[in-house]
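Protein chains: 2
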Amino acid sequence: MPTHRRYAVLTEGFIADRHAKTAFGVMRYGRDKVVAVIDSTAAGSHVDDLHPHVRCSAPIVSSVADALSFQPTSLLIGVANAGGFLPPAFRARVLDAIDARLEIVSGLHEFLADDPEFSGRAKLSGAQFWDVRRPPEPIPIFSGAAYRVPQVVVLAVGSDCAIGKMSVMLELERAGRAAGARPEFVATGQTGIMIAGSGIAVDRVISDFVTGAAEQLVTNVATDTDITLVEGQGALHHPAYGPVTLGLMYGSAPDLLVLCHRAGQQSIEDFDVPIPALRDLARDHEQLLARVKPARCVAIALNTSDLNEQDALEAIAAAELDTGLPADDVVRNGADKLWNAISRAAEETAKRQRAS
Amino acid sequence: MPTHRRYAVLTEGFIADRHAKTAFGVMRYGRDKVVAVIDSTAAGSHVDDLHPHVRCSAPIVSSVADALSFQPTSLLIGVANAGGFLPPAFRARVLDAIDARLEIVSGLHEFLADDPEFSGRAKLSGAQFWDVRRPPEPIPIFSGAAYRVPQVVVLAVGSDCAIGKMSVMLELERAGRAAGARPEFVATGQTGIMIAGSGIAVDRVISDFVTGAAEQLVTNVATDTDITLVEGQGALHHPAYGPVTLGLMYGSAPDLLVLCHRAGQQSIEDFDVPIPALRDLARDHEQLLARVKPARCVAIALNTSDLNEQDALEAIAAAELDTGLPADDVVRNGADKLWNAISRAAEETAKRQRAS
Numbered sequence: 002m003p004t005h006r007r008y009a010v011l012t013e014g015f016i017a018d019r020h021a022k023t024a025f026g027v028m029r030y031g032r033d034k035v036v037a038v039i040d041s042t043a044a045g046s047h048v049d050d051l052h053p054h055v056r057c058s059a060p061i062v063s064s065v066a067d068a069l070s071f072q073p074t075s076l077l078i079g080v081a082n083a084g085g086f087l088p089p090a091f092r093a094r095v096l097d098a099i100d101a102r103l104e105i106v107s108g109l110h111e112f113l114a115d116d117p118e119f120s121g122r123a124k125l126s127g128a129q130f131w132d133v134r135r136p137p138e139p140i141p142i143f144s145g146a147a148y149r150v151p152q153v154v155v156l157a158v159g160s161d162c163a164i165g166k167m168s169v170m171l172e173l174e175r176a177g178r179a180a181g182a183r184p185e186f187v188a189t190g191q192t193g194i195m196i197a198g199s200g201i202a203v204d205r206v207i208s209d210f211v212t213g214a215a216e217q218l219v220t221n222v223a224t225d226t227d228i229t230l231v232e233g234q235g236a237l238h239h240p241a242y243g244p245v246t247l248g249l250m251y252g253s254a255p256d257l258l259v260l261c262h263r264a265g266q267q268s269i270e271d272f273d274v275p276i277p278a279l280r281d282l283a284r285d286h287e288q289l290l291a292r293v294k295p296a297r298c299v300a301i302a303l304n305t306s307d308l309n310e311q312d313a314l315e316a317i318a319a320a321e322l323d324t325g326l327p328a329d330d331v332v333r334n335g336a337d338k339l340w341n342a343i344s345r346a347a348e349e350t351a352k353r354q355r356a357s
Numbered sequence: 002m003p004t005h006r007r008y009a010v011l012t013e014g015f016i017a018d019r020h021a022k023t024a025f026g027v028m029r030y031g032r033d034k035v036v037a038v039i040d041s042t043a044a045g046s047h048v049d050d051l052h053p054h055v056r057c058s059a060p061i062v063s064s065v066a067d068a069l070s071f072q073p074t075s076l077l078i079g080v081a082n083a084g085g086f087l088p089p090a091f092r093a094r095v096l097d098a099i100d101a102r103l104e105i106v107s108g109l110h111e112f113l114a115d116d117p118e119f120s121g122r123a124k125l126s127g128a129q130f131w132d133v134r135r136p137p138e139p140i141p142i143f144s145g146a147a148y149r150v151p152q153v154v155v156l157a158v159g160s161d162c163a164i165g166k167m168s169v170m171l172e173l174e175r176a177g178r179a180a181g182a183r184p185e186f187v188a189t190g191q192t193g194i195m196i197a198g199s200g201i202a203v204d205r206v207i208s209d210f211v212t213g214a215a216e217q218l219v220t221n222v223a224t225d226t227d228i229t230l231v232e233g234q235g236a237l238h239h240p241a242y243g244p245v246t247l248g249l250m251y252g253s254a255p256d257l258l259v260l261c262h263r264a265g266q267q268s269i270e271d272f273d274v275p276i277p278a279l280r281d282l283a284r285d286h287e288q289l290l291a292r293v294k295p296a297r298c299v300a301i302a303l304n305t306s307d308l309n310e311q312d313a314l315e316a317i318a319a320a321e322l323d324t325g326l327p328a329d330d331v332v333r334n335g336a337d338k339l340w341n342a343i344s345r346a347a348e349e350t351a352k353r354q355r356a357s
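Residue numbers (my numbering), protein chains in the order written: chain A, 2 to 357; chain B, 2 to 357.
Any given hint could turn out to be false.
Identical copies go unnamed one by one, so any copy, or any two together, can satisfy a pair.
Lysine to aspartate or glutamate pairs mimicking DMTMM-like chemistry, simulated, CA-CA at most 25 Å apart [as the list claims (entries may be wrong)]:
#, residue 1, residue 2
1, Lys338, Asp273
2, Lys34, Glu104
3, Lys294, Asp281
4, Lys352, Asp273
5, Lys294, Asp18
6, Lys34, Glu349
7, Lys294, Asp271
8, Lys294, Asp49
9, Lys338, Asp312
10, Lys294, Glu270
11, Lys22, Asp225
12, Lys338, Asp132
13, Lys294, Asp273
14, Lys22, Glu287
15, Lys124, Glu185
16, Lys352, Glu104
17, Lys34, Asp18
Worth flagging that the hints you see were computed from the coordinates, not collected in a lab.
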């Protein structure tokens with residue numbers, strides 16, 4: 002594995018599409034550089050011509066051969082489609098990348114290293130695979146070691162899936178570093194793992210081991226970290242994915258919670274499950290954790306991307322009034338305000354832990 | 002797969018051991034007949050000589066060859082050890098059973114069908130494998146179909162693992178059938194699956210799919226079932242296994258809950274997590290489910306196996322006083338009392354569902 006990856010991102014036919022969100026996440030937040038995008042449907046332009054909000058100036062080229070002049074170390078599969086399988090148009094380009102000895106990085110459900118054609122060709126060239134969703138083995142059963150980490154652990158929880166929990170923690174990490182602290186983002190899903198360069202896709206772990214996986218993540222942070230920022234998954238009240246959320250709540254053993262919510266959303270997508278008032282939602286999480294290992298909700302992260310500036314301000318004020326906690330949209334306004342709240346709460350937590 | 006299995010149960014060296022609990026569960030509650038036990042350390046005696054509470058008179062023999070005279074269809078691996086691997090002394094006997102074309106039934110974590118020596122020999126004899134812990138594929142994502150089943154669904158929840166949740170539901174099924182109802186026990190763990198002949202070991206399912214697995218189980222009960230009795234797993238407040246429990250709570254979408262507890266137990270085994278008062282524990286489950294799909298706790302199943310008769314009676318009375326719900330030890334006293342409570346609550350539920 003390269004120490005610093007230089008990514009050629011394969012989005013063939015999807016660069017204009019929302020399924021390229023894996024690519025955009027890595028471009029916007031990744032620690033590794035995106036040196037080129039391979040997509041013949043937009044070759045000749047640059048990413049920021051099409052997607053200014055992604056803040057990436059990489060050139061778009063039409064082939065792996067063209068991308069090689071930008072000296073990539075790795076080919077990143079830049080899509081996350083519903084079935085999690087490789088789009089047919091990608092196959093020939095992945096083979097080209099294997100022949101060029103690029104590392105192949107994929108977050109698909111289908112593991113590319115297990116594909117006989119790919120693995121056969123990789124044997125010849127020496128190319129490596131990183132299927133980021135493949136859980137490490139063995140994952141131990143949860144032991145309680147997470148209760149004894151020296152860091153203050155903060156977990157993102159939320160009212161639904163796909164409301165920006167990952168972005169919230171990445172923005173908080175950025176704000177914390179700018180403020181001179183040593184926060185570490187801990188990735189628990191495929192895009193987060195590509196951004197951070199490590200992590201475990203907890204939704205892919207056998208259910209008996211999901212708490213053990215979360216525990217392993219928080220016990221393995223860099224020793225000089227002071228605040229661990231754990232990416233959230235799912236939602237406690239989500240009928241399909243609630244158990245994954247609870248796995249993070251118990252396994253990462255947070256001290257503090259950041260509650261994430263899309264402003265105005267009334268019920269969980271695809272299910273007739275109403276989202277409670279934010280103060281009740283915060284209390285539900287706190288009450289459940291109080292039985293096992295207490296944690297306190299200290300900030301509300303609102304996603305106001307559907308609202309105009311004025312409505313966003315009002316939604317933020319309403320969330321503060323409802324919960325008595327600081328609220329903000331960290332993508333729209335930066336994360337300084339919420340970072341300050343977390344940082345203060347973390348200091349109190351650390352003081353209490355030292356005293357006990 | 003045989004329609005009615007006749008089991009030769011392999012416990013070689015473990016018949017006196019608590020690790021043989023898989024064997025005892027199948028003997029005591031199984032729908033399939035145990036015709037012989039293979040264990041050279043106790044050959045010549047019968048199971049009820051050693052373990053009268055198991056209520057099984059099968060002869061103990063020293064080899065697969067000796068067991069064949071009782072015409073078994075299947076060899077059952079009768080142990081559940083910690084690592085979930087095959088004890089070394091079992092290998093030669095499994096090979097003998099494969100050569101005799103017996104079906105090999107195992108609840109180990111290690112799948113026997115994936116063992117090259119076993120599968121190679123089975124190819125020659127035509128023997129089949131049933132690794133009961135292997136999840137069926139594909140398991141769909143939870144869809145909400147569980148909300149629309151015609152049965153009343155009852156889920157066992159509890160204060161800890163290994164307190165007898167499976168036995169409670171099996172005793173309730175027995176009492177319900179004796180009362181002329183049509184309950185169906187739904188197995189969610191390895192021993193339960195062997196007893197029932199079908200089911201899914203939900204703790205072995207990838208966490209994203211655990212609710213879908215539970216949903217599949219309750220949507221697949223026999224159509225003439227009136228009350229579905231879902232075997233519980235883990236405990237909501239268990240730091241390691243709580244997510245598996247929540248998977249059953251959301252995925253099987255129960256109408257009613259039976260709360261199981263070992264009388265006198267103060268905290269979750271191996272963890273410093275106090276068990277709350279039973280009324281609080283019942284309310285915790287109800288409050289969480291109220292956000293998603295409401296369910297009501299209607300009975301307390303106490304395990305009083307550590308107590309004498311008088312202390313057991315007092316513990317049951319105390320549980321009733323604490324919760325205002327009927328309580329009993331269904332293994333000690335039979336399940337009629339709790340079955341009646343569940344049956345009444347189920348009638349109310351069914352009436353309400355018809356009205357809405």
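Right, here's what the structure says about each hint:
no.	hint	verdict
1	Lys338 / Asp273	neither (34 Å within a copy, 36 Å between copies)
2	Lys34 / Glu104	within (14 Å within a copy, 55 Å between copies)
3	Lys294 / Asp281	both (19 Å within a copy, 17 Å between copies)
4	Lys352 / Asp273	between (43 Å within a copy, 22 Å between copies)
5	Lys294 / Asp18	neither (42 Å within a copy, 35 Å between copies)
6	Lys34 / Glu349	neither (37 Å within a copy, 62 Å between copies)
7	Lys294 / Asp271	between (32 Å within a copy, 15 Å between copies)
8	Lys294 / Asp49	neither (45 Å within a copy, 45 Å between copies)
9	Lys338 / Asp312	within (19 Å within a copy, 58 Å between copies)
10	Lys294 / Glu270	between (30 Å within a copy, 15 Å between copies)
11	Lys22 / Asp225	neither (32 Å within a copy, 47 Å between copies)
12	Lys338 / Asp132	neither (36 Å within a copy, 54 Å between copies)
13	Lys294 / Asp273	between (30 Å within a copy, 10 Å between copies)
14	Lys22 / Glu287	neither (32 Å within a copy, 38 Å between copies)
15	Lys124 / Glu185	neither (36 Å within a copy, 52 Å between copies)
16	Lys352 / Glu104	neither (45 Å within a copy, 61 Å between copies)
17	Lys34 / Asp18	within (21 Å within a copy, 59 Å between copies)
Of the numbered hints stated above, those contradicted by the structure are hints 1, 5, 6, 8, 11, 12, 14, 15 and 16, listed in ascending order.
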